[in-house]
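Peer 1: The whole structure should be built from the sequences, with the hints applied where relevant.
Using my numbering, the first residue of the sequence shown is number 1, and each one after it goes up by one.
Calculated from the structure, these hints are not laboratory results. Warning: the hint list may mix true and false statements.
Straight-line Cα separation of at most 20 angstroms, DMTMM-like style, residue types lysine to aspartate or glutamate; simulated pairs [claimed, not checked]:
1) Lys40 to Asp11
2) Lys37 to Asp77
3) Lys50 to Glu23
4) Lys50 to Asp31
5) Lys40 to Asp77
6) Lys37 to Glu52
7) Lys40 to Asp69
8) Lys50 to Glu25
9) Lys50 to Asp11
10) Lys50 to Asp77
11) Lys37 to Asp69
12) Lys50 to Asp20
13) Lys50 to Asp10
14) Lys37 to Glu25
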Amino acid sequence: MLSLTRLFADDTSLAVTSSDISETETLLNHDLNILNKWSKQWLVQFNPSKTEGMMFTLSNSNTYGITFDNTTVNFIDNHRHLGLTLSSDASWHSQISEIRTQAVKIQGSMKALKFHLNRNTLNQIYIS
Numbered sequence: 001m002l003s004l005t006r007l008f009a010d011d012t013s014l015a016v017t018s019s020d021i022s023e024t025e026t027l028l029n030h031d032l033n034i035l036n037k038w039s040k041q042w043l044v045q046f047n048p049s050k051t052e053g054m055m056f057t058l059s060n061s062n063t064y065g066i067t068f069d070n071t072t073v074n075f076i077d078n079h080r081h082l083g084l085t086l087s088s089d090a091s092w093h094s095q096i097s098e099i100r101t102q103a104v105k106i107q108g109s110m111k112a113l114k115f116h117l118n119r120n121t122l123n124q125i126y127i128s
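Peer 2: Structure follows, in structure tokens:
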């Protein structure tokens, strides 16, 4: 069994589903090793220090034995991927918080513009 691999622009993602952490580590280490060999053969450079891991689990452990090009993969709790913030506990709190922050900024900009623009123009800005 291999991990599911997805490419988008200059990002590469590997995903494995398993109830056994050691199996997950083995599979990811194997696939990262293959990816590393492929990158050296085709002269494609990856930055192992920028490689991050995320485990969706109810377990509280955040240390896993996964390495890429002899560099230990750093595991994180939240990751922004294609505009969506993923959380290791599968909650939406971080995503909702980011949306709220953006909405408050836009609302502040609209309040500042209300003294300089007519209602029709403000409505067009709001809708767009």
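Peer 1: Taking the hints in turn, state whether each one holds.
Peer 2: A quick look at each hint next to the structure:
1. At most 20 angstroms may separate the alpha-carbon atoms for a hinted pair to count; Lys40 and Asp11 meet this at roughly 17 angstroms.
2. About 28 angstroms separates the Cα atoms of Lys37 and Asp77, which puts this hinted pair outside 20 angstroms; it is violated.
3. With a C-alpha separation of about 24 angstroms, the suggested pair Lys50 and Glu23 falls outside the 20 angstroms cut-off, and the hint is violated.
4. Note on Lys50 and Asp31: the hinted pairing holds, with a Cα-Cα distance of about 17 angstroms set against a maximum of 20 angstroms.
5. Distance restraint check for Lys40 and Asp77: the Cα-Cα separation of roughly 30 angstroms exceeds the 20 angstroms cut-off, and the hinted pair is therefore not satisfied.
6. Annotation: proposed proximity of Lys37 to Glu52 holds, straight-line Cα distance about 19 angstroms (limit 20 angstroms).
7. Taking the CA atoms of Lys40 and Asp69, the gap is near 10 angstroms; set against the 20 angstroms cutoff, the hint holds.
8. Straight-line distance between C-alpha atoms of Lys50 and Glu25 comes to about 19 angstroms, which keeps the hinted pair within the 20 angstroms bound.
9. The straight-line distance between the Cα atoms of Lys50 and Asp11 is roughly 11 angstroms, inside the 20 angstroms bound, and the hint therefore holds.
10. Of the supplied pair hints, the one linking Lys50 and Asp77 holds, its CA atoms being roughly 15 angstroms apart against a limit of 20 angstroms.
11. For the suggested pair Lys37 and Asp69, the alpha carbons sit about 9 angstroms apart, so the restraint of at most 20 angstroms is met.
12. A C-alpha spacing of about 26 angstroms is found between Lys50 and Asp20, which places the hinted pair above 20 angstroms, so the restraint is violated.
13. For the suggested pair Lys50 and Asp10, the alpha carbons sit about 12 angstroms apart, so the restraint of at most 20 angstroms is met.
14. Distance restraint check for Lys37 and Glu25: the Cα-Cα separation of roughly 18 angstroms lies within the 20 angstroms cut-off, and the hinted pair is therefore satisfied.
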